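A.B. asks: Below, each chain spelled out in residue letters.
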Amino acid sequence: MRGGVMFGRLRPLVAAAGRPLANPVEPRRQFRTGESRQRDRFRGYEPRGSWDFGKEMAEFRKKLKEALPGSDWNPLGISKDLPPEWADIVIVGGGIIGWSVAFWLKMKESQRNAIRVVVVERDLQYTKASTVLSVGGIRQQFSLPENIKMSQFSAEFLRSINDYLGFFNEPPIDVQFNPMGYLFLASEDGAAVLEENVKIQRAEAAEVSLLSPAQLQKKFPWLNTDGVALASYGLENEGWFDPWTLLNALRRKAMSMGVFQSLGEVMSFHCSSTEMVTEDGELINFPRIMVANVQMPDSIEYSPIKCSIVVNAAGAWSGRVAEMAGIGTGPPGSLEEIRLPVEPKKRYVYVWNCPEGPGLETPMLIDTTGAYFRREGLGGNYLGSISPTEDEEPDIQDLEVDHEFFQEKVWPKLAHRVPAFESLKVKSSWAGYYDYNTFDQNPVIGAHPLVGNLYFASGFSGHGLQHSLAVGKCITELILEGEYKTIDLGRFSFDRLIKGEQILEKNII
Amino acid sequence: MAAPMALRRGGRLLSLLRACPRYSSRSSRPAAGLLKGRILPYLYDRFYDMEAFIDFGTKLTGWNLERKNTHYLRIQEKYGDDLAAAVFALMLKGGVRFRGQTEWYREHNRKRFCVDLVNYQGVPLEAADFSGSIISYEGLGSLVNLKALKHLDLSRCPNVDDWCLSRLHVFGETLEELSLAGCPRVTERGLGCLHHLESLRRLDVSDLPSVPCKGLVRILLEEMLPQCEVVGIRYDEDELTLPIEPDVHQGQTELLREAARVQKTREIPA
Ligand SMILES: Cc1cc2nc3c(=O)[nH]c(=O)nc-3n(C[C@H](O)[C@H](O)[C@H](O)COP(=O)(O)OP(=O)(O)OC[C@H]3O[C@@H](n4cnc5c(N)ncnc54)[C@H](O)[C@@H]3O)c2cc1C
Chain A
1 MRGGVMFGRL
11 RPLVAAAGRP
21 LANPVEPRRQ
31 FRTGESRQRD
41 RFRGYEPRGS
51 WDFGKEMAEF
61 RKKLKEALPG
71 SDWNPLGISK
81 DLPPEWADIV
91 IVGGGIIGWS
101 VAFWLKMKES
111 QRNAIRVVVV
121 ERDLQYTKAS
131 TVLSVGGIRQ
141 QFSLPENIKM
151 SQFSAEFLRS
161 INDYLGFFNE
171 PPIDVQFNPM
181 GYLFLASEDG
191 AAVLEENVKI
201 QRAEAAEVSL
211 LSPAQLQKKF
221 PWLNTDGVAL
231 ASYGLENEGW
241 FDPWTLLNAL
251 RRKAMSMGVF
261 QSLGEVMSFH
271 CSSTEMVTED
281 GELINFPRIM
291 VANVQMPDSI
301 EYSPIKCSIV
311 VNAAGAWSGR
321 VAEMAGIGTG
331 PPGSLEEIRL
341 PVEPKKRYVY
351 VWNCPEGPGL
361 ETPMLIDTTG
371 AYFRREGLGG
381 NYLGSISPTE
391 DEEPDIQDLE
401 VDHEFFQEKV
411 WPKLAHRVPA
421 FESLKVKSSW
431 AGYYDYNTFD
441 QNPVIGAHPL
451 VGNLYFASGF
461 SGHGLQHSLA
471 VGKCITELIL
481 EGEYKTIDLG
491 RFSFDRLIKG
501 EQILEKNII
Chain B
1 MAAPMALRRG
11 GRLLSLLRAC
21 PRYSSRSSRP
31 AAGLLKGRIL
41 PYLYDRFYDM
51 EAFIDFGTKL
61 TGWNLERKNT
71 HYLRIQEKYG
81 DDLAAAVFAL
91 MLKGGVRFRG
101 QTEWYREHNR
111 KRFCVDLVNY
121 QGVPLEAADF
131 SGSIISYEGL
141 GSLVNLKALK
151 HLDLSRCPNV
161 DDWCLSRLHV
171 FGETLEELSL
181 AGCPRVTERG
191 LGCLHHLESL
201 RRLDVSDLPS
211 VPCKGLVRIL
221 LEEMLPQCEV
231 VGIRYDEDEL
241 TLPIEPDVHQ
251 GQTELLREAA
261 RVQKTREIPA
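Protein chains in written order, with the UniProt record's numbering: chain A, 1 to 509; chain B, 1 to 270.
Okay, chain A solo, but in the shape it has when bound (with noise of 0.2 Å):
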């Protein structure tokens, strides 16, 4: 059997033969990562299958068109991108999340496709995805020891990215990583909570120093330290990378590795029940998602994908996508009364110049205020925000930006913290969502206890992107083995929010 598919794979060698020169520039590798292995093994029947039927379509389309009366009518509509028919796993939310778990669920298979993992994502422009309109940072000032352990691995990953992710005859990947640190400041009433929180840092092996105002003011000596009172400041593994390329390196290598990208929106599943009875009698219904019906852009068609595991990773959207299970839409008192409280919360970013700035040390730097900034590139720009306070959170309709915001909440804070700033120009501004958890902005990891096939990646609250890497990893541990082992998320999971106990990290910005 191995020895007839290493002939069969060799035969591609006669089959390139008839194909055209490709330019020598160009890498070649990018004709295949598109498609999975899977498809590969007809290779060997026929030469070249795929360009030879395509170019045969379309004649064929063009023949069908010109006999028909002349409209723009399509015979034969293009589906790029269909869903297969069957998946063993199905992620909703083709995010930094979703590409995640699906790489990983990849690199734990025992043997090359041995699952089939789909992932479907509505919009490939990724206009919306929190992923490519986030900050791109990655820091271990956390309080929980689950959030600095993530972020350590995500580091650590990001370090070795080109072992991970890399093809062999492409330039290495760079993720343009800022190892510039955070500079959390606290001021006389934050102060302990801060020390606090860097106790639990040092224990998880983060280089965290702590400094004083005399010391902060030595150090950087553009910064206002009035109403400082400590200052805590991460030495290694934080700082600030590029989301896009490590959206799109997770995303060609697990797509290289036989990962099936599907373009549309899964918007409702079809569910199998089993009712069980407990020992005071209750009835318990345990629904079961047996197909993901998914609906291609421009069409009112649903394509059915039969699954046997589904994971939300539909960042903030994966209220909704719960919601098509049947959690949260139960009688009041029952377990499927509770949802996923996973909501989109607009968060603004501005990008201002003001040459005047701080250097080229300049950390990523949280104020006393939750008011936060960074250095972007050499030319004295930098960026920042600050989150609204909830009666300020704006409608979440569009992604406008309001101006106001920046000259009202924003400025004042930074240029009383940094002098400089007084005189600077806004040159640009975006908006995207959080994938806000609005019970303890911490993430969801898990297996629902009633649809026990749906598992959930969501609700980061604005810690995903650096978290993706660790989650994907063990939530791929939690589904193939049933259980974590690189980091215990245990207390991430749904039960948490049955029982009503939320775990709260107090560094949120």
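Among the clues, some could well be false.
Keeping only pairs whose Cα atoms sit at most 27 Å apart, straight-line, the calculated DSS-like set for lysine-lysine is [unchecked claim]: (1) A:LYS199 to B:LYS147; (2) B:LYS68 to B:LYS111; (3) A:LYS219 to B:LYS147.
Not the full set, but computed from the structure, chain A residues with beta-carbon under 8 Å of chain B [to be verified]: (4) GLN176; (5) GLU275; (6) MET276.
For the record, the hints were derived by calculation from the structure and aren't laboratory data. A quick note: this is a predicted structure, and the numbers were derived from the prediction, not measured. Note that the Cβ used here is the ideal one computed from N, Cα and C, for glycine as well.
Assemble the complex: chain A is given as a structure, and chain B with the ligand must be docked to it using the hints.
C.D. replies: Structure of chain B with the ligand alone, referenced to chain A:
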């Protein structure tokens, strides 16, 4: 029919031989040779077996690099951090200098240096020369415990990158001289975290192919480290001094340059 086919195929093989290597795997030098530069990628693209083979080879190289960079834990426990670091430096064909010495110690015969070094037990290591070696992030782990390191030479190390520079903060109070000359993977992003080195007197940043806008970077470095002499970049050295040979980082450097010029990028919807 057969003739044109053969011609075509011949042409392809010729192009294989002709075109210059653009990308190579881990090596950062542009000229990786015909085999690595063209033929292997060609085969890699076409055969799964070759792909598996080459991927395995790459992993092996990575593993070997890591192995050579591992900590000398036993020596460290027995003889202390300074000797362990010295052994590590000598194993990588580098040099060391202990306090009180004026000459570099560069004995590369393992048996002999093991005997000699014992005399220096308890003497702090003041200078380490790793120039041209394969020291990596892991390897720096054997240095971070040094309490009196004043002089560190990492010039021309292909595996020294920004992550490595972020580890140097531990020498904040002692390090006086640092050379990063000719490190192909060091960029301006890593140079930023050298501000931790408060005692630095001399910093050599010559010939860093991945750093864009060199003149500007020098000015920023001098602002950041006012007490330190920054050598190796002229103020007027900027975009015009592009590397002439195509190198692995070229694409990225250009991107960076672009990014530095048209400040920030596609994330921002216009
Ligand atoms: C302004 C801002 C700054 C941030 N800064 C940081 C930071 O510094 N550090 C950090 O770690 N994190 C940061 N974040 C948070 C981080 O971006 C998110 O937590 C993370 O990107 C979440 O990734 P995701 O894959 O879950 O979501 P997304 O990237 O939003 O991906 C979800 C995807 O699912 C798709 N989708 C939704 N519903 C469906 C459906 N029914 N069918 C098919 N597809 C669907 C969407 O189109 C989307 O592409 C920031 C966020 C914002 C908004």
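A.B. asks: Now tell me, hint by hint, if it's right for this structure.
C.D. replies: Going down the list of hints, with the structure as the test:
no. : hint                 : result
1   : A:LYS199 to B:LYS147 : holds, 24 Å
2   : B:LYS68 to B:LYS111  : holds, 18 Å
3   : A:LYS219 to B:LYS147 : holds, 21 Å
4   : GLN176               : holds, 7 Å
5   : GLU275               : violated, 48 Å
6   : MET276               : violated, 47 Å
Checked against the numbered hints given earlier, this structure breaks hints 5 and 6; the rest are met.
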